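*Asks:* For the record, in the sequence shown the residue sitting at position 91 is 91 according to the numbering used here, with numbers rising by one throughout.
It should be emphasised that the hints constitute simulated quantities derived from the structure, not laboratory data.
Please note that a few of the clues may not be correct.
Now the in silico label distances, taken between C-beta atoms and shown as ranges [to be verified]:
| hint | residue 1 | residue 2 | range |
| --- | --- | --- | --- |
| 1 | K6 | G92 | 25 to 31 Å |
| 2 | I40 | E139 | 19 to 25 Å |
| 3 | K69 | L10 | 22 to 28 Å |
When the alpha-carbon atoms are kept at most 30 Å apart in a straight line, the in silico BS3-like pairs for lysine-lysine are as follows [to be verified]:
| hint | residue 1 | residue 2 |
| --- | --- | --- |
| 4 | K2 | K103 |
| 5 | K129 | K141 |
| 6 | K129 | K6 |
| 7 | K6 | K121 |
| 8 | K11 | K141 |
| 9 | K11 | K103 |
| 10 | K124 | K81 |
| 11 | K124 | K103 |
| 12 | K141 | K103 |
| 13 | K51 | K103 |
| 14 | K141 | K69 |
| 15 | K52 | K141 |
| 16 | K52 | K69 |
| 17 | K121 | K81 |
| 18 | K121 | K141 |
| 19 | K2 | K81 |
| 20 | K11 | K69 |
| 21 | K11 | K81 |
| 22 | K119 | K129 |
| 23 | K6 | K119 |
| 24 | K69 | K103 |
| 25 | K81 | K69 |
| 26 | K69 | K129 |
| 27 | K81 | K103 |
| 28 | K124 | K2 |
| 29 | K11 | K129 |
| 30 | K52 | K124 |
Here the structure is a predicted model, which means the values were calculated and not measured.
Backbone N, C-alpha and C fix where the C-beta goes; we use that ideal spot for every residue, glycine too.
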Amino acid sequence: MKELTKYMPLKEGERIFSTLEGDSYNTSADILSRMVGSIIRIISIIIGSRKKALIVCTDSRLIIIETQKFLFFIDNSVTSKSYTPRSIQIVGYSLIRSLVAFKSHYLELAAGGQTSLTKSKGGKELVDKMITAITYLTETK
Numbered sequence: 001m002k003e004l005t006k007y008m009p010l011k012e013g014e015r016i017f018s019t020l021e022g023d024s025y026n027t028s029a030d031i032l033s034r035m036v037g038s039i040i041r042i043i044s045i046i047i048g049s050r051k052k053a054l055i056v057c058t059d060s061r062l063i064i065i066e067t068q069k070f071l072f073f074i075d076n077s078v079t080s081k082s083y084t085p086r087s088i089q090i091v092g093y094s095l096i097r098s099l100v101a102f103k104s105h106y107l108e109l110a111a112g113g114q115t116s117l118t119k120s121k122g123g124k125e126l127v128d129k130m131i132t133a134i135t136y137l138t139e140t141k
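Could you put together the complete structure from these sequences and hints?
*Replies:* In structure tokens:
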């Protein structure tokens, strides 16, 4: 949450409905882009350059802060975006299994013309809570 206060402070009286932290991946409908993205993801894990995301749903907006480190501890880049409820097009859930026993839970989000997948650190419960909060935000504003 220190990223939130550092890169996108809340407005006066703004309340947080839900937060989700995890690894962030950009997605595309193009199969070639997905293949290149998978290769880049593997290389970034090896060199310690994973992209982390903090998603915060408040009572007036959706905030996405993506940070990336180089060699596991050197700050490389930060992207901080705030989306209005009307700019959120799609919110969803994905489950991906690897080696039959391991599950990864993802939040799918399309907002402001960009689509992203965020692998939840807290499991399916946090993804469900975030989906509920974003749905509530888009329906009430």
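*Asks:* Among all the numbered hints in the text so far, which are the ones the structure does not match?
*Replies:* 2, 9, 12 and 14
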